[in-house]
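Undergrad: With the sequences and hints as input, model every part of the structure.
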Amino acid sequence: MEEKIEIKPVNRGKRPFFFDDPAIDQLIAIIMAMSGELSVLYDRVDTIERLLETNGGLKRKDIEKFRPSQEIEDERNVRRNEYLARLFKIITDEKTNLTPHDKMRDYSNLMKELDKT
Amino acid sequence: MTPLQEHKMLAKNNHDEDSRQSFVNDFRVHLSSNVFPGNFPAYYKRVLPQFLKNEKREPKNSNEIRKVMNKDPFYSFWSAMQRNSQEMIWSSVIDTVERQLDDLITKSKIEKPNGSLTLNPNLDIPKYNTAADIHLQPGAYHQQQVDNDVSAGAVYDKGTYIYSMGGLGTGNNAMGQITHGFFKSEFPKKEISKVLDMGCTIGGSVTYWAQKNPNVEFHAIDLGASVLRYGHARAEALGAEVHFSQQNAEKTNFDSESFDLVMSHILLHETSTSALQNIFDESFRLLKPGGIMMHLDLPQAHGVAPLESFLFEWEIYNNNEHFYGQLRKMDLVELCIKAGFNKDNIKPSSAGNFWMEEQTPYSSDDFVFPITLCIK
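Protein chains in written order, with our numbering: chain Y, 38 to 154; chain A, -15 to 360.
By construction, these hints were calculated from the structure, which means they are not laboratory data.
Take the hints with a grain of salt, since some may be wrong.
[What the hints assert, rightly or not] Computed list of lysine to any residue pairs in SDA-like fashion (alpha-carbon distance at most 25 Å, straight line):
no. : chain 1 : residue 1 : chain 2 : residue 2
1   : Y       : Lys45     : A       : Gln66
2   : A       : Lys(-4)   : Y       : Arg81
3   : Y       : Lys132    : A       : Glu292
4   : Y       : Lys51     : A       : Phe20
5   : Y       : Lys102    : A       : Arg312
6   : A       : Lys29     : Y       : Ile128
7   : A       : Lys(-8)   : Y       : Leu135
8   : Y       : Lys51     : A       : Lys272
9   : A       : Lys235    : A       : Glu292
10  : A       : Lys29     : Y       : Asp57
11  : A       : Lys272    : A       : Lys322
12  : Y       : Lys126    : A       : Lys331
13  : A       : Lys178    : A       : Lys272
14  : Y       : Lys98     : A       : Asp79
15  : Y       : Lys51     : A       : Lys111
16  : A       : Lys51     : A       : Leu36
17  : Y       : Lys132    : A       : Lys51
18  : A       : Lys55     : Y       : Lys98
19  : Y       : Lys126    : Y       : Gln63
20  : Y       : Lys98     : A       : Asp87
21  : Y       : Lys132    : A       : Met314
22  : Y       : Lys45     : A       : Arg83
23  : Y       : Lys45     : A       : Lys40
24  : Y       : Lys45     : A       : Ile109
25  : A       : Lys55     : Y       : Glu112
26  : A       : Lys40     : Y       : Leu135
27  : Y       : Lys98     : A       : Lys51
28  : Y       : Lys51     : A       : Lys29
29  : Y       : Lys132    : A       : Lys235
30  : A       : Lys91     : A       : Gln(-11)
31  : Y       : Lys45     : A       : Asn113
32  : Y       : Lys98     : A       : Glu48
These numbers were taken from a predicted model, which means no experiment stands behind them.
TA: And the structure:
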């Protein structure tokens, strides 16, 4: 068998780390790689379900041959976005909590008012 | 994700690679639409008030904002994910290219091409290309790991499409569509017979121009042999006649006063201060009297608010776009004058997606690219 050509997998240039402990950056990379693979697996299950539904059985090569139509890709796109929204919920919650922060004074005042009654 | 337009050189995905690339695309769309906007409240509600308290004044520029934002947990998380999504682009397409590289190399050898390919194995690759891999593409645009390598081109074609989240158009030629639409509108009567595209990589833009103007002689140069081999075969597969050669845009072997139009598409910000002047000098030398220089690049910093500037500059620090920081502050008109252009014939312009023929996911955006436009 011919030796497989390997394209250099790492880029040159110092990698920035965004957290004080680079392990956090590395963990994020691992989590996103896993999240990507889960999404790939979901698509594969979806392909298998569709093939089974249409053909009543399947051969492995049918999976390889399958490519989503635009309609199916649109469905998958919606599902991936919902999936990503669930993954990032804790981050986007922070964003949402940050946004109305200027209302906090009104809220505190309201609480004080309520305390009086 | 809408797939790229099929052509003979495009590496074919298997089932899971197709799905993986779609995930990376959707991940990037999600980051830019749903996560990135959180940087604004993080700044205004958390980082800025702290800065005002400590310094008793607002930050003066993007560098001051960078120092404080780098410590903000929201910005850090978004940055870590954004960087990661960029790395995932390349890892999602490298497997696909590796698997069929032998076949792609065979396909890249065209027996009777309409255009041509001239390589120069002795060409010195300047430091601004070797110091760091632009856009984190492993090995950058000039790597050669096997004889007749086309991998950098094949990876670039699929990777940049995901990078742009489809914004480059299904023909991977949005920049060419923009300059073409702009040029035809700006110079409706200008006759052109010979055109040079500098820093063409896989020739997405110049191939589009050649398809639209089959009677014009198109030349395209780049530093990387791999992207040129791929670009040549890609142009042939798309029926375009383009003459590719491996040359440095700072000093080419073309005759003086031999071109009607010398252009580039987002090349300038990948070079250096001295290279930029050399490129303008060389453009001037190559143009016939009355010829046009048209270099499209990324926005400059003049008149941009510090926070917007800081966010825009993320790619400089985190996506190996090192020279862009300098370019943002440079006076390009001055460089054009030094190159020999008459001040009255320098017309800084801009063009955006509204010049595109094709509707892409970002067609409606009002993002515009500045164009350094001079008439000799």
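Undergrad: Hint by hint, say whether it matches the structure.
TA: Going through the hints against the structure:
{"no.": "1", "hint": "Y:Lys45 with A:Gln66", "result": "holds, 22 Å"}
{"no.": "2", "hint": "A:Lys(-4) with Y:Arg81", "result": "holds, 17 Å"}
{"no.": "3", "hint": "Y:Lys132 with A:Glu292", "result": "holds, 18 Å"}
{"no.": "4", "hint": "Y:Lys51 with A:Phe20", "result": "holds, 23 Å"}
{"no.": "5", "hint": "Y:Lys102 with A:Arg312", "result": "violated, 47 Å"}
{"no.": "6", "hint": "A:Lys29 with Y:Ile128", "result": "holds, 16 Å"}
{"no.": "7", "hint": "A:Lys(-8) with Y:Leu135", "result": "violated, 50 Å"}
{"no.": "8", "hint": "Y:Lys51 with A:Lys272", "result": "violated, 43 Å"}
{"no.": "9", "hint": "A:Lys235 with A:Glu292", "result": "violated, 36 Å"}
{"no.": "10", "hint": "A:Lys29 with Y:Asp57", "result": "holds, 22 Å"}
{"no.": "11", "hint": "A:Lys272 with A:Lys322", "result": "holds, 18 Å"}
{"no.": "12", "hint": "Y:Lys126 with A:Lys331", "result": "violated, 48 Å"}
{"no.": "13", "hint": "A:Lys178 with A:Lys272", "result": "holds, 10 Å"}
{"no.": "14", "hint": "Y:Lys98 with A:Asp79", "result": "holds, 19 Å"}
{"no.": "15", "hint": "Y:Lys51 with A:Lys111", "result": "holds, 15 Å"}
{"no.": "16", "hint": "A:Lys51 with A:Leu36", "result": "holds, 14 Å"}
{"no.": "17", "hint": "Y:Lys132 with A:Lys51", "result": "holds, 21 Å"}
{"no.": "18", "hint": "A:Lys55 with Y:Lys98", "result": "violated, 50 Å"}
{"no.": "19", "hint": "Y:Lys126 with Y:Gln63", "result": "holds, 20 Å"}
{"no.": "20", "hint": "Y:Lys98 with A:Asp87", "result": "holds, 21 Å"}
{"no.": "21", "hint": "Y:Lys132 with A:Met314", "result": "violated, 35 Å"}
{"no.": "22", "hint": "Y:Lys45 with A:Arg83", "result": "holds, 14 Å"}
{"no.": "23", "hint": "Y:Lys45 with A:Lys40", "result": "violated, 49 Å"}
{"no.": "24", "hint": "Y:Lys45 with A:Ile109", "result": "holds, 18 Å"}
{"no.": "25", "hint": "A:Lys55 with Y:Glu112", "result": "violated, 38 Å"}
{"no.": "26", "hint": "A:Lys40 with Y:Leu135", "result": "holds, 23 Å"}
{"no.": "27", "hint": "Y:Lys98 with A:Lys51", "result": "violated, 54 Å"}
{"no.": "28", "hint": "Y:Lys51 with A:Lys29", "result": "violated, 32 Å"}
{"no.": "29", "hint": "Y:Lys132 with A:Lys235", "result": "violated, 50 Å"}
{"no.": "30", "hint": "A:Lys91 with A:Gln(-11)", "result": "holds, 18 Å"}
{"no.": "31", "hint": "Y:Lys45 with A:Asn113", "result": "holds, 16 Å"}
{"no.": "32", "hint": "Y:Lys98 with A:Glu48", "result": "violated, 57 Å"}
Hint compliance for this structure: hints 5, 7, 8, 9, 12, 18, 21, 23, 25, 27, 28, 29, 32 are broken, all remaining hints hold.
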